[in-house]
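Colleague: Sequence:
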Amino acid sequence: MAKYIANMSMNRYNRVYWVTPLLDTIQYYQQCCGGYGPLDYENSYWFITNTIRGTRSSVPPSCCKQTQTARSWNIQPVDPMCTTYKYFSSSFNTSVNIAGCADRLLTWLESKTTLFAALGFSFAGFQMIGICLAGILFHYINTYYYIRGRPVILNG
1 MAKYIANMSM NRYNRVYWVT PLLDTIQYYQ QCCGGYGPLD YENSYWFITN TIRGTRSSVP
61 PSCCKQTQTA RSWNIQPVDP MCTTYKYFSS SFNTSVNIAG CADRLLTWLE SKTTLFAALG
121 FSFAGFQMIG ICLAGILFHY INTYYYIRGR PVILNG
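Each residue of the sequence shown is one higher than the last, beginning at 1 in UniProt numbering.
By construction, these hints were calculated from the structure, which means they are not laboratory data. The reader is advised that the hints may include incorrect statements.
[To be verified] Restraint ranges, calculated between C-beta atoms of paired labels, are given here:
{"no.": "1", "residue 1": "Tyr4", "residue 2": "Gln31", "range": "33 to 39 Å"}
{"no.": "2", "residue 1": "Glu110", "residue 2": "Ile141", "range": "55 to 61 Å"}
{"no.": "3", "residue 1": "Ile136", "residue 2": "Pro21", "range": "44 to 50 Å"}
{"no.": "4", "residue 1": "Arg15", "residue 2": "Gly120", "range": "31 to 37 Å"}
{"no.": "5", "residue 1": "Pro21", "residue 2": "Thr55", "range": "21 to 27 Å"}
{"no.": "6", "residue 1": "Gln31", "residue 2": "Tyr140", "range": "54 to 60 Å"}
{"no.": "7", "residue 1": "Thr69", "residue 2": "Trp18", "range": "21 to 27 Å"}
{"no.": "8", "residue 1": "Arg15", "residue 2": "Gly135", "range": "21 to 27 Å"}
[Unchecked claim] Result set (SDA-like, lysine to any residue): computed pairs, CA atoms no more than 20 Å apart in a straight line:
{"no.": "9", "residue 1": "Lys3", "residue 2": "Arg15"}
{"no.": "10", "residue 1": "Lys112", "residue 2": "Ser91"}
{"no.": "11", "residue 1": "Lys65", "residue 2": "Pro80"}
{"no.": "12", "residue 1": "Lys3", "residue 2": "Thr107"}
{"no.": "13", "residue 1": "Lys65", "residue 2": "Ser91"}
Please read these numbers as outputs of a predicted model, since none were measured by experiment. Beta carbons are placed, not taken as given, at the ideal position from N, Cα and C, and that holds for glycine.
Work out the full structure, taking the sequences as your base and the hints as a guide.
Modeller: This is the structure:
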């Protein structure tokens, strides 16, 4: 998973239309940056083509630490200049999330595994109940309307 997220941040971020909002959402909610860390954006398509405030951006704004009013669709970094700091300088370390998203995402998925399994089994249980009820209903309808192969006309 780390290689895949790192590949998305290096080669597809800001190039493929669905990758940018996906990575922004992951980076916002998991408070992380890139697959392995912020260096995934070094010499990436994002790094080469993007300039914010007239300077080259090291990382996207979604990697920065966010204000209380920020949302994944409305990124508001605490430090507006966080994208321009050199990698791992003191200002960069205080204003940018340093952790990689792969580890954070795997930790989150592991913590939710029980919930996902319970939901899956409950849906399977409801399906089995539905199948049983449909079979019982089919049996009663068949015996109710047909006696010895002839339809019965019901009054009332």
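Colleague: CB of threonine 69 to CB of tryptophan 18, is that within 21 to 27 Å?
Modeller: 26 Å, holds
Colleague: Could you see if the CB distance from arginine 15 to glycine 135 stays within 21 to 27 Å?
Modeller: Between arginine 15 and glycine 135, where Cβ atoms are some 53 Å apart, the hint is violated.
Colleague: Assuming the hint says 21 to 27 Å, is it satisfied by the Cβ distance from proline 21 to threonine 55 or not?
Modeller: 24 Å Cβ-Cβ, so the 21 to 27 Å window holds.
Colleague: Please work out if lysine 65 and proline 80 have their alpha carbons no farther apart than 20 Å.
Modeller: 10 Å, holds
Colleague: If you draw a straight line from the CA of lysine 3 to the CA of arginine 15, is it 20 Å or shorter?
Modeller: Between lysine 3 and arginine 15 the Cα gap is close to 18 Å, so the pair holds against 20 Å.
Colleague: Given the hint of 54 to 60 Å, is the C-beta distance from glutamine 31 to tyrosine 140 inside that range or not?
Modeller: 57 Å, holds
Colleague: Is the gap between the beta carbons of tyrosine 4 and glutamine 31 within 33 to 39 Å?
Modeller: 20 Å, violated
Colleague: Given the proposed pairing of lysine 65 with serine 91, does the C-alpha separation stay at or below 20 Å?
Modeller: 12 Å, holds
Colleague: Could you check the hint for me, namely that glutamate 110 and isoleucine 141 are 55 to 61 Å apart, CB to CB?
Modeller: Given a distance of about 47 Å, which is not inside 55 to 61 Å, the answer is violated.
Colleague: Do the Cβ positions of isoleucine 136 and proline 21 conform to the proposed distance bound of 44 to 50 Å?
Modeller: 47 Å, holds
Colleague: Checking one constraint from the list: CA of lysine 112 to CA of serine 91, max 20 Å. Satisfied?
Modeller: 34 Å, violated
Colleague: Can you let me know if the beta-carbon spacing of arginine 15 and glycine 120 is within 31 to 37 Å?
Modeller: 35 Å, holds
Of the numbered hints listed earlier, those contradicted by the structure are 1, 2, 8, 10.
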